[in-house]
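> Going down the list, the sequences are from chains A and B.
Heads up: the first sequence is residues 1251 to 1359, going by the working numbering.
Heads up: the second sequence is residues 537 to 902, going by the working numbering.
The reader is advised that the hints may include incorrect statements.
Said to hold, decoys possible - Cross-link-like lysine to aspartate or glutamate pairs, in silico, EDC-like; alpha carbons within 16 Å at most:
hint, chain 1, residue 1, chain 2, residue 2
1, B, Lys-849, A, Glu-1284
2, A, Lys-1342, B, Asp-753
3, A, Lys-1279, B, Glu-850
4, B, Lys-819, A, Asp-1329
5, B, Lys-772, B, Glu-700
6, B, Lys-724, A, Asp-1346
7, B, Lys-724, B, Asp-753
8, B, Lys-849, A, Glu-1275
9, B, Lys-865, A, Asp-1270
10, B, Lys-874, A, Asp-1262
11, A, Lys-1323, B, Glu-854
Keep in mind that the hints were calculated from the coordinates and are not lab data.
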Amino acid sequence: LNSKIKRQRKWDIGKLIYMDNLSPEECIKRWRGEAEEDEDYISNIENDDEEEEELFKKKDVASPDNHLGDLEKFVPFFDTFEKLVQKWSSLKNIQDHFINAPKLNSDDA
Amino acid sequence: MSSARPLITFQGSQNFRIRIVLATLSGKSIKIEKIRSNDLNPGLRDHEISFLRLIESVTNGSHIEISYTGTTVIYKPGIIVGGSHTHNCPPSRAVGYFIEPMLYLAPFSKKKFSIIFRGITASHNDAGVEAIKWGLLPVLEKFGVRECALHTLKRGSPPLGGGEVHLIVDSLIAQPLTMHELERPPIKSIRGVAYSTRVSPSLVNRMIDGSRNVLKDINCEVNITADVWRGENSGKSPGWGITLVGETKKGWCFFSELIGDAGDIPENIGMQVAYHFIEEISKSAAVGRNQLPLAIVYMVIGKEDIGRLRITKEQIDENFIHLLRDVKKIFGIEVFLKPVDDLDNNEDFIVTIKGVGFHNSNKKIA
Chain A
1251 LNSKIKRQRK WDIGKLIYMD NLSPEECIKR WRGEAEEDED YISNIENDDE EEEELFKKKD
1311 VASPDNHLGD LEKFVPFFDT FEKLVQKWSS LKNIQDHFIN APKLNSDDA
Chain B
537 MSSARPLITF QGSQNFRIRI VLATLSGKSI KIEKIRSNDL NPGLRDHEIS FLRLIESVTN
597 GSHIEISYTG TTVIYKPGII VGGSHTHNCP PSRAVGYFIE PMLYLAPFSK KKFSIIFRGI
657 TASHNDAGVE AIKWGLLPVL EKFGVRECAL HTLKRGSPPL GGGEVHLIVD SLIAQPLTMH
717 ELERPPIKSI RGVAYSTRVS PSLVNRMIDG SRNVLKDINC EVNITADVWR GENSGKSPGW
777 GITLVGETKK GWCFFSELIG DAGDIPENIG MQVAYHFIEE ISKSAAVGRN QLPLAIVYMV
837 IGKEDIGRLR ITKEQIDENF IHLLRDVKKI FGIEVFLKPV DDLDNNEDFI VTIKGVGFHN
897 SNKKIA
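Using the sequences provided together with the hints, build the complete structure.
As structure tokens, this is what we get:
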């Protein structure tokens, strides 16, 4: 399994982007190490990647042969409300993106 | 512009606006074929035709040929002239669909852009008025386009619309500045606007409450304004929505927006937009996913100098690849991605782009 991971890590996204024989979906899949034959491998890796996987599935459903997915949506893809609530039940991970205000009202928070 | 040059050919209907915009900027003729050729309703949609009309009106000498079935378009760009126009947007897309590509062209025009867009001002798919004003214009500012404004004269919620916004771009620049952003700028405050048209103002306050409930734990200043529209200026349909913007000291902005449908609970929409906001920030380095194309294109058409922008792993998705491939096809330049080797965060990349040395053809070289 380890060797597999290593082999898949080798994909250089900078090169993949300009490999015109690959569709962008395939590029992303290869780069993230989510090639189709590795179903069991996918389930082993962390949650984060599973979410990504789902993202693709949804998109694939939405665009069977890239004519429905051409809405040129401005709004990016988000997980469902429930999942986001779960993911961000604690806001600790995001704290370092903010300049925290001095804790004046910490007791009523 | 010369017809002897072979056409650059694209296939499919994705990235339609960006392709037209890139062609206009580069002055190269393009051909887009197989537009929804397998669809039951093949060819261009009315909003795409409307967009081509808009392009025609802000340029001089553009030549657009659409095949009989509408599945092939040949576009020979003219020069960008700008000027004052009014554009009536079809009800299928919001005004954001049309304003967004204008932001790529407006600063390189001969005359100042002053366009009134009429139609729907908010939708689930397109940029809302606040998203453009506070999300996209700050990106332009980073590239030296400072005098840019979007005024909301009337709001128009879907499905009937009736809104009116005025886009004014006063700064005409010869070429965009070279931009370097190697950090993840921290957010100093969260701003927002919750608006409503033709519904009870209480909805607005309930949305704000919902958002504040989620954001209060971040321990950052949150300031959401209520913006209730009544009477003549509130369009033809009832509607409500909220936009959140995270401001950084450096001038970058992160944002997310949502609109409510019939049957939605305002508190939930407020909470959802807050969660989207947090999610977007977690996935962004210096720009959000919906600001990325604008930033990339401005870097591409920059001076012949190397610009750098930090992005996250999550931002490299299909859209990003589509964009980079289109850029390569038209401008012939490749983007270089360099992994960041910070101690705390090594998942990010630095996008390095050498500008093509684009020059506004309407400006004299100093």
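> Next step is simple, just say for each hint if it's right about the structure.
Okay, the hints, checked on the actual structure:
no.	hint	result
1	B:Lys-849 - A:Glu-1284	holds, 15 Å
2	A:Lys-1342 - B:Asp-753	holds, 9 Å
3	A:Lys-1279 - B:Glu-850	holds, 12 Å
4	B:Lys-819 - A:Asp-1329	holds, 13 Å
5	B:Lys-772 - B:Glu-700	holds, 12 Å
6	B:Lys-724 - A:Asp-1346	holds, 11 Å
7	B:Lys-724 - B:Asp-753	holds, 15 Å
8	B:Lys-849 - A:Glu-1275	holds, 15 Å
9	B:Lys-865 - A:Asp-1270	holds, 11 Å
10	B:Lys-874 - A:Asp-1262	holds, 10 Å
11	A:Lys-1323 - B:Glu-854	holds, 13 Å
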